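Put chain B on the given structure of chain A with help from the hints.
Top to bottom, those sequences are chains A and B. Residue numbering for the first sequence follows this note's numbering, beginning at 18 and increasing consecutively. Residue numbering for the second sequence follows this note's numbering, beginning at 3 and increasing consecutively.
Hints are not guaranteed to be accurate.
Stated by the list, open to error - Chain A is nowhere near these chain B residues, computed Cβ spacing over 12 Å in every case:
#1 20
#2 35
#3 43
#4 71
#5 73
#6 77
Unchecked claim - If you want a taste of the chain B side facing chain A, the calculated C-beta under 8 Å gives, among others:
#7 90
#8 99
#9 104
#10 111
No wet-lab data here; the hints were simulated from the structure. Since the structure is predicted, the reported quantities are computational estimates derived from the model, not experimental observations. All C-beta atoms, glycine included, are put in the ideal place defined by N, C-alpha and C.
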Amino acid sequence: DAGITQSPRHKVTETGTPVTLRCHQTENHRYMYWYRQDPGHGLRLIHYSYGVKDTDKGEVSDGYSVSRSKTEDFLLTLESATSSQTSVYFCAISAPSGDTGELFFGEGSRLTVL
Amino acid sequence: SQQGEEDPQALSIQEGENATMNCSYKTSINNLQWYRQNSGRGLVHLILIRSNEREKHSGRLRVTLDTSKKSSSLLITASRAADTASYFCATAAGNKLTFGGGTRVLVKP
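Bound-form chain A, shown alone (with noise of 0.2 Å):
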C-alpha cells in the first residue's frame, strides 16, 4: 500500500469553526490532491499540489484554502466550516511521468459540521 495517512480520520465539529485536514506521504511524490465526496457528485477536486508552495485550485474550491511546506505534508483548511462541507475527504498521490498517471488514495477523513 502507498505510505499515504489521513488525520484526523472522523472529525465532528461545529458552524464558524476552523478545521485543518492533514495528508503525510512517505513515497516522495510530485503531485498530491484533496478531493470530497459526496452521495450523488462522486468525487469532486478540491486543491491540488505540483509541489513545495506550488498549489492550484481545482473545481470546488470556494471555502478551502492549501498549504504545501514540505514534499510530505499537503494540508487542507476550512477557515469556518459550514454545513455543506460536511463530507468525506480524500488525499491523493500521484507520481506522473508527461501525463496524469495512477492516484494512490488514503483512507479519507470523515467531517461532519453541526
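For chain B alone, coordinates are given in the frame of chain A:
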C-alpha cells in the same frame, strides 16, 4: 461538474456472471482510468488506458476506449462476491483527474 458519467448507477448480478459498466465523457483526455472503492475505504486504481489505445486487459478486467464516441467500458468477467464495490471512471487532462459518479456493483453469492 463531472467529466465522466457512469452507466448504470447500480448493478446487481450473480456470482460467476459478467459485469459491464460504461463511462461517457465530454472533452479531450490524455488517458482514462478505472478505480474501485469498497465501502468506507479509499479508492484503488484498477487500470489505465491511454487515448491512443483501444483495449486493455488486466486479469479479469477488460477496458475499452472509443475516443470518437468519448466513451469507455469496464468488463469484469466471472464476477466474485469480493467484486462488490463502487467503480469509478476518471478522465485525465493536464494534471487533474476528474471522476464520474460511479457504478455500485453488488455480486450475490
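Hint check:
1. Chain A leaves residue 20/B outside its interface by the beta-carbon criterion, the shortest separation being 24 Å against a cut-off of 12 Å.
2. At roughly 7 Å from the closest C-beta of chain A, the C-beta of residue 35/B falls inside 12 Å, breaking its exclusion from the interface.
3. With a closest Cβ-Cβ approach of about 6 Å to chain A, residue 43/B is found to fall inside the 12 Å limit, against its non-interface label.
4. With a cut of 12 Å on Cβ distances, residue 71/B stays outside the contact zone with chain A, its closest approach being about 21 Å.
5. Every CB of chain A lies more than 12 Å from the CB of residue 73/B, the least distance being 17 Å, so the non-interface label holds.
6. Consistency note on residue 77/B: stated as away from chain A, and its beta-carbon is indeed over 12 Å from all of that chain's, at 20 Å minimum.
7. A hinted interface residue such as residue 90/B counts as satisfied when its beta carbon comes closer than 8 Å to some beta carbon of chain A; here the least separation is about 6 Å, so the hint holds.
8. At its closest, the beta carbon of residue 99/B sits 6 Å from a beta carbon of chain A; the interface hint therefore holds under the 8 Å criterion.
9. Because the closest C-beta pair between residue 104/B and chain A is about 6 Å apart, less than 8 Å, the hint holds.
10. At a threshold of 8 Å, the smallest CB-CB gap from residue 111/B to chain A is about 26 Å, leaving the interface hint violated.
When held up to the earlier numbered hints, the structure conflicts with 2, 3, 10 and fits the remainder.
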